[in-house]
Each structure stands twice: as structure tokens, then as C-alpha cells.
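Protein chains in written order, with the working numbering: chain X, 215 to 702; chain S, 343 to 431.
Don't read these hints as lab results, they were simulated from the structure.
There's no promise every hint is true.
Stated by the list, open to error - Calculated Cβ distances over 10 Å to all of chain X for the following chain S residues:
no.	residue
1	H362
2	A375
3	D379
4	E386
5	A398
6	E400
7	S406
8	A416
9	E420
10	T423
11	R426
12	H430
Unchecked claim - Listed below are several chain X residues computed to face chain S (Cβ distance under 7 Å; list not exhaustive):
no.	residue
13	R495
14	R667
15	E673
16	I674
Just so it is clear, CB atoms sit at the ideal spot from N, CA and C, and this is done for glycine as well.
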Amino acid sequence: MTMPGRAFHERLREHASRIGDVAAIVAPSASISYGALEVEVHGLASALRSRGIGRGTVAALTARGEVDHLLATLALLELGVPQVGLASRDPPAMRMRLARRAGATTVLGDRPDDAVAGLAWVDLGAALASGRANPCGAPAPEVDASAPALYLTGSGTTGEPKIIRFAQRDLALHARNHIDFVGQRVLRPAHVEYNNSKRMRLYTLWQGGTCVLADGSAESLHSQCARLGVTWLELSPLHGADLLAASRIEGRLPAFTSVRVGGARVPIALRRAIMAEASPRLFVSYGTTETSFVSVADPTMHDDRETVGPPAAGVIAEVLLADGGHAAPGEIGEIRLRTPGMATGYVGDAAATARHFRDGWFVPGDLASLGADGRLYLHGRKDDMMIMNSINIFPAEIERTLEAHPAVEAAAAFPIPSEVHGQIPAAAVELREGCACTASELVGYARGALGVRAPRRIEILASLPRNAQGKIVRREIAGMIDPRKVGE
Amino acid sequence: MNDREIRQILADGLEAGAVHQVNDVSTREAFLAGTRDLTFEELEMDSLAKMELCIAIEVGTGVSLAPEELGRFASIGEIVTMLRERLHA
């Protein structure tokens, strides 16, 4: 389907000549065909060159408009200029730290207050206008597809986010390995400033699909999918829950819209509810920023074990036990991954690189099992695994069990530190609206299902703490409750 | 924390360790009311049951007790006394 190893603008040029009339970008403000996209990107790249952006530049990009952001990303790729996104929502000190860690020399932004002290400043709006006025410009420079092109940050739920560097060749390999978006119209409501949203748009364009951008529109997902012919809707679990709530008012998505949810655990209750009330074509995927796409579970695979599907072609996934031996089918261990174009380390963080990149493998710190059916099953983070009196206890098992209770909407397991027992498992839950249940009832229920691996304490919270991506932040829960508190 | 609350934690811990004597309603109620003690001899607790009792004590009261330390006590009532003294010290 694709020929990795080439620069992005060469791929766009190929699309422009082959499928030039096909929409590359559909947004409330504009619809851009591949033919027009190639011209617009080249015009912007020329305008940026005339403003001093080129060899030796590392660009820090801040663009609130999704179309402008994507055009700037593609123009920087055409110039072979490495880029890092500085999210407009982040405070100035955080933006400055990230820009410095990535070695940025120039900020390309759409507001003067996007400037970072000590770095050159280029106004994106002016460059866009200039590029449109003079779309031909100078020929694109020779670009080394194996040179650094895109700096992404990890989720950053703890401490300083890690920085991951990819070349254009890597992005091409990711795109080739990803779900087939050829001829598809792909909507991912999360803003392009989020790393994975940016990558998904790049993969879609590499493949020749259509990026549908919400770009701040207040229009409902259901309406956008119907009106714009969205065939793939890409969501986080948090957005998945929002979709479900909207479906209870607006009904099902159009018959042609498939839904993919990934980025965090997708509980079976949410899977079943989305399939029943939003779309029966639900796909649940697993991947990491470092490896990109790893696996996807199709609509026939969803059951209580919550698989994320078999590893994709080209992906090697192994599950290792603590002694380094390979886990038997169904046995839980730590997963390690090899994927086409995966990262080889973290920028400026040798310790984290040594911890997660070993012998050509990426070790994300996820606990997993590979079933006899060849499918991957996730059991939480290794860091989150509890050991009580030499018994390994997996948070995901506790959470799945509690969420199978009719009164529980969501659950998160965490340890109570103990000098005697190591870690005593505990959990916090959110109840379903209108449901009543006591913590003691849930403790008894969990004991009946899990025996010695059951949480010894369960706290009922109004809502579990989540980060911007919708992931439950377990470390915050432990601090929210008094583990010694007695009573309901 | 009063005596009944302490006894409730211990009864729950015994139940978690599958100590069948506390499933008898009259025995349990008498223990909770403080009118009946439960000796370790009559309870015949295995190592798993002792672990569960110690975990229940730690989660419920914050007092750490290793299973091997249970040998210092002849009955659950003695543990109630120890906990009362520790918690109110």
C-alpha cells in the first residue's frame, strides 16, 4: 500500500497526482482536496523558508486552529525541520521547559503571546497568508527521511513528560502498520495539539484517507458523523462515555460509522453499552506513544476478559515472567514489544531509556497475557501491581470484577502500604446513577469473586479522579481517602 | 472507636478467613455484644485465616500485627483489649 522511507511531502505529491480531487481535510472552516493541500503546504513551507525557518531550525509549534496546525506540521515536514508541539493550553513555564528540552530554536505560533523568551518568533498567520499569495515558491529541499522530524511527549501522568523523537520514515512505517484508512473519513474529536491526535491525522493523510476535523465546532458527534459521512470515529474511553450519553438522546450513530476506542482500558460494560446504543462496529485498540499501534479487537472479540485483540502484522509482542522466561498462554507477565518504526529511546533521559528500551525491545511496563487464541489481554501497569504476602494482585482484575457489579459504574484498585503484608489491596468506586450499595456489600461481593486477591477496603467516591485523556489516576485516589477510616 | 466497632472489625476479619464459628448468628451477636469470647483453641485458625485477621485489624484500625504475633493471645477478646489500649493510648 505504501512505500516507507520517503518524506511526507513526496507522499502528498503522489496523492495529489493520483487522488487530487479526494478530500484530504474536511473542517467547518474549509474542505481541502489532496490537490489543494499539496499546493497550500508547499506555499506555507516556502513562506516559512523566507522567514528563516530551514536547516538548523527546531520549531516549536503553537496553533489553535486545527487546519492551520495541520498545515504547519506538514510544511515543517516538507522543510525537514524537526518540530515539537507546545500546547496552547499549557502554562508558559511548562511550554518553555518543553521547548528547551526539545532544543527548539524558533516558535511558530498564531498569537504574539505564544512567543518563548530566548527563541525566535514567526507568526503563523502571516506566513499562511504569504504562502497563499505565492503558492508556487521555491522547490522543496531534499529531506532526509531518517532525520529527526517530530518530537512527541508521553502522557506525563507522573513527573516531567518524556520526549520521544520520530523520523518521517518512522511515521511512514506507523501509518503503513495502522488500521487501513484508505478511502475512509476519520474523525478524532480530540484536538490536534494532543500528540496522538496529530499522529492519527498524519497517518490518515499518509494513507490517502480524509481527516474530518471538529475544529471547535459545537455540532454533536452524531450530527457530524451523519453530515460529513464519517466512517471512523476515534475516541478515548472518556469520549466513549460521552458518546454513550449522547446516544441515549440522539440515538445510534449512522450505520456507516465504526467506532474505535483506545488510549486506556475500555471496560466491558462500556464496550457492550456502546455496541448496544451507539454502534455495533466497536473496535478497541492498544498502543503506546513509543510504538504506535499494537493491536485491535474487532466487534466479535469483546467479552468479560476485555481483549485488545491479536498483535497486528509486523508487531512482535512477548510476555515475560519475573525470571525472564516466556509466559505460558494465559499466564500474566510483563509485555515487551517490537513494532515497525518504534522509538529507540527518550530525548535527554538516559535512565528512562535504559528502563524501557532493552535489547531492541520497548518495555512499556504493562502487565499482559497472550491467550491461546493469540489475543492480548491487559492486566494493568506493572507499577500498579500489588504484592501482598507474596501474592501478586492485579488492579485490572479487581476493577473488572467490581465493574461487573450492577451498581458500579467504574472502579480503581490501589494498595494500602503495610509493613507486615507489603501491599493490601483496596479500591475506590463510582456508583451508577440511581444505584445504592454499601462498601461492605461490595467487599463481600469482591471476596466471593476474587478470594484472597479481593480488596480489603472499598471506598465509594462521587467521582474517580481522571486526567485529561480520561485515564483514572490511581495515585491521586490513595491520597484522597483515609485508609484507616472505619465505617461506611 | 468503641469496643463494638473493634469487635465488628475482628468478626469481619474472621469471616474473611472462613472461620465458620462467626457465621453462627447467636455466637457472632454474643461476641459483638461482648458477652462471649472466642478462644484461638476453639477457632482452629489456619495460616490464611490468621493472615486475614491481621489484615482486617491493620486496615480497620491501623495497628500492625504479624500473624506469628497472634500466639501471644489466647482469645479474640484479648486482642480487643490490646486494640482498645493501643487506640486510646
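Each hint, compared with the structure:
no. : hint : in the structure
1   : H362 : holds (15 Å)
2   : A375 : holds (19 Å)
3   : D379 : holds (22 Å)
4   : E386 : holds (19 Å)
5   : A398 : violated (7 Å)
6   : E400 : violated (6 Å)
7   : S406 : violated (5 Å)
8   : A416 : holds (21 Å)
9   : E420 : holds (19 Å)
10  : T423 : holds (18 Å)
11  : R426 : holds (14 Å)
12  : H430 : holds (14 Å)
13  : R495 : violated (44 Å)
14  : R667 : violated (12 Å)
15  : E673 : violated (11 Å)
16  : I674 : violated (16 Å)
This entry does not satisfy hints 5, 6, 7, 13, 14, 15 and 16, going by the numbered hints stated previously.
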